[in-house]
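**Student:** Keeping the supplied structure of chain A fixed, place chain B upon it in accordance with the hints.
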Amino acid sequence: MRSEKSNSAPLGLKIAAAAGLAFMHLPILLIFLYAFTTEEKSYQFPPPGLTTQWFAVAWNRPDVWAALTLSVKVASIATAAALVLGTLCAAAVSQTRFFGREAVSLLVILPIALPGIITGIALRSAFSIADIPFSFWTIMLGHATFCIVVVYNNAVARFRRISGSLIEASMDLGADGFQTFRYVILPNIATALLAGGMLAFALSFDEVIVTTFTAGQQSTLPIWMLEELIRPRQRPVTNVVAMVVVIVTFLPILGAYYLTRDGDQIAGAGK
Amino acid sequence: MTILAERVILPERRSTAGRLSDFFWRHPHVLLALLLGPPLLWLGVVYLGSLFALLLQSFFSIDDFSGLINYEFTLATYRQLLSDTHLDIIIRTVSMAAIVTFVSALIAFPIAYYAARYARGKWKALFYLAVMLPLWSSYLVKIYAWKLILAKEGILTWFFEKLNLLWLLEAWLTLPVVGGNSLSVSYTGTFIVFVYVWMPFMILPIQAALERVPANLIEASWDLGGTPAQTFRYVLFPLALPGIVAGSIFTFSLTLGDYIIPQIVGSSRLFIGQAVYAQQGTAGNIPLAAAFTVVPIVIMGAYLWMAKRMGAFDAL
Chain A
1 MRSEKSNSAP LGLKIAAAAG LAFMHLPILL IFLYAFTTEE KSYQFPPPGL TTQWFAVAWN
61 RPDVWAALTL SVKVASIATA AALVLGTLCA AAVSQTRFFG REAVSLLVIL PIALPGIITG
121 IALRSAFSIA DIPFSFWTIM LGHATFCIVV VYNNAVARFR RISGSLIEAS MDLGADGFQT
181 FRYVILPNIA TALLAGGMLA FALSFDEVIV TTFTAGQQST LPIWMLEELI RPRQRPVTNV
241 VAMVVVIVTF LPILGAYYLT RDGDQIAGAG K
Chain B
1 MTILAERVIL PERRSTAGRL SDFFWRHPHV LLALLLGPPL LWLGVVYLGS LFALLLQSFF
61 SIDDFSGLIN YEFTLATYRQ LLSDTHLDII IRTVSMAAIV TFVSALIAFP IAYYAARYAR
121 GKWKALFYLA VMLPLWSSYL VKIYAWKLIL AKEGILTWFF EKLNLLWLLE AWLTLPVVGG
181 NSLSVSYTGT FIVFVYVWMP FMILPIQAAL ERVPANLIEA SWDLGGTPAQ TFRYVLFPLA
241 LPGIVAGSIF TFSLTLGDYI IPQIVGSSRL FIGQAVYAQQ GTAGNIPLAA AFTVVPIVIM
301 GAYLWMAKRM GAFDAL
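Residue numbers (full-length UniProt numbering), protein chains in the order written: chain A, 1 to 271; chain B, 1 to 316.
This is chain A alone, in the form it adopts within the complex:
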């Protein structure tokens, strides 16, 4: 048992931790304030007045809708591809022993361990060597490549927790491999896959560095925002879009957290 005394943190630590968290959160909160500002031409603080008119303006912008639709499409298909590939890879790495297992797990991590610009320029030069024109599919290809690792990490953690005896019991009871997968393995890994899929979706939805290299003329929502950042034309609309993006990306994160929290605690406690 820990003594009572060590359960309260020293004041200095409390202040440092609180200041750190404030540093992480206050800038995001500021986005919410600016979405309502009446100022159009500058980033003036404090805002001269508050209004909700920019929500209507943003709602009626076809370019915002086009970018949003493209982002959702790319993220959905990239997530689907990453789910299949990441799960297969996780199953192979966690359920079997083979030569080069370490190398495979390194290979999966590599697309996010190396800076995104390297992935981006490598894909772009490969597309130009192979004469592949930029399209929806080139964007998707890049996104799926770095989304695999998110699904893989979640799936591997869950596969490790499935006890081998469960699978053996299923086989002893006469189930074939597919039945074992359908009725024993899948229910056990489903929430981890869902969480991995949500994180992959959030990652793809927000990606900009690789996308600038693989997108050609189309713009996803982050590319649209990047253009607004470099050459601000419609500051109020950008403010509103930024706020919506914050809210939209929070949802899958919260969802993924609630799906894996019990598992994570068990996995953490086991170490």
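To be clear, the hints were calculated from the coordinates, so they are not data collected in a lab.
Here the structure is a predicted model, which means the values were calculated and not measured.
Any given hint might turn out to be false.
[As the list claims (entries may be wrong)] Lysine-lysine pairs mimicking DSBU-like chemistry, simulated, CA-CA at most 35 Å apart:
hint, chain 1, residue 1, chain 2, residue 2
1, A, Lys73, B, Lys152
2, B, Lys122, B, Lys308
3, B, Lys162, A, Lys41
4, B, Lys147, B, Lys162
5, B, Lys147, A, Lys41
6, B, Lys124, B, Lys308
7, A, Lys41, B, Lys122
8, A, Lys14, B, Lys162
9, A, Lys41, B, Lys124
10, B, Lys308, A, Lys14
11, B, Lys147, A, Lys14
12, B, Lys152, B, Lys162
13, B, Lys122, A, Lys14
14, B, Lys152, A, Lys41
15, A, Lys73, A, Lys41
16, B, Lys152, B, Lys124
[Said to hold, decoys possible] So the derived list for chain B, only partly shown, Cβ under 8 Å to chain A, looks like this:
hint, residue
17, Gly18
18, Trp42
19, Ile107
20, Pro110
21, Tyr113
22, Tyr139
23, Ala145
24, Glu153
25, Leu256
26, Tyr259
27, Ile260
28, Ile264
29, Ala283
30, Ile286
31, Met300
We put the beta carbon where it would ideally sit given N, CA and C, even for glycine.
**Tutor:** Quick look at chain B alone, frame taken from chain A:
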């Protein structure tokens, strides 16, 4: 013998699925190949293939007159990379990445330590979410938020004005190197945004390392008369180091390759990412762009190797 025994105990299944799964059971290597095939094809061909094609191009050179790529093996591009202007870019980027990593560790450590040691139950979950939400929220929105903050008419100037400290801000901006016309076009601004965007990646690995430090180890240090500073220096810090190194992989690598933050908030002097972007885009010099990407790959390779030796991967 074993096959015979299997036949006796288990009669062969009739259905296709059954026969297929029997086949996989007898030939686990086929199953493994089927499992690993698609992801390895994707990552091996699409990703590694592109990467190698890119690296190969760094050994070509560009013809100065025609602007076309000369497909002959040469080290000329690397010689060009080591010229003064390009070396400047590399040194600038690496030192920025190092400072960003150091400051990120300083800010992240108290948060991670509090979450690992003092937060319990509901607070712990809250802490986890408080770290996860900024970490996962949109990269561009985060940069945008800082553009709002650092703008001359923005909240930071307003804040300094209210505190009557505007002279301090102005004095800082007149300094060489870190100063500039306003915070949003200075290195100071670039640095703050880098720290803001990448620091959250540092917290969870440090927290994971600290959670594995048994509380009685710290109590033992106190019992033996160690002051808080000594306990930190000789007990806590060495045990947290793998976590810090693991977190620094992210902050260092992400700062090294970023080209959007210095483009939006920063001075006109280039970072590696911007140089790569400019060389492959407007300049059309793919060989030099490829040679530039070799720099972060080599640095990160050495870094990962060192981190692995320090056991940082267990903390991930």
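**Student:** Now look at each hint and say whether the structure bears it out.
**Tutor:** Right, here's what the structure says about each hint:
no., hint, result
1, A:Lys73 - B:Lys152, "violated (38 Å)"
2, B:Lys122 - B:Lys308, "holds (34 Å)"
3, B:Lys162 - A:Lys41, "holds (23 Å)"
4, B:Lys147 - B:Lys162, "holds (20 Å)"
5, B:Lys147 - A:Lys41, "holds (14 Å)"
6, B:Lys124 - B:Lys308, "holds (29 Å)"
7, A:Lys41 - B:Lys122, "violated (44 Å)"
8, A:Lys14 - B:Lys162, "holds (27 Å)"
9, A:Lys41 - B:Lys124, "violated (42 Å)"
10, B:Lys308 - A:Lys14, "holds (32 Å)"
11, B:Lys147 - A:Lys14, "holds (29 Å)"
12, B:Lys152 - B:Lys162, "holds (15 Å)"
13, B:Lys122 - A:Lys14, "holds (17 Å)"
14, B:Lys152 - A:Lys41, "holds (13 Å)"
15, A:Lys73 - A:Lys41, "holds (33 Å)"
16, B:Lys152 - B:Lys124, "violated (38 Å)"
17, Gly18, "holds (5 Å)"
18, Trp42, "holds (6 Å)"
19, Ile107, "holds (5 Å)"
20, Pro110, "holds (4 Å)"
21, Tyr113, "holds (7 Å)"
22, Tyr139, "holds (6 Å)"
23, Ala145, "holds (4 Å)"
24, Glu153, "holds (5 Å)"
25, Leu256, "holds (6 Å)"
26, Tyr259, "holds (6 Å)"
27, Ile260, "holds (7 Å)"
28, Ile264, "holds (5 Å)"
29, Ala283, "violated (13 Å)"
30, Ile286, "holds (6 Å)"
31, Met300, "holds (6 Å)"
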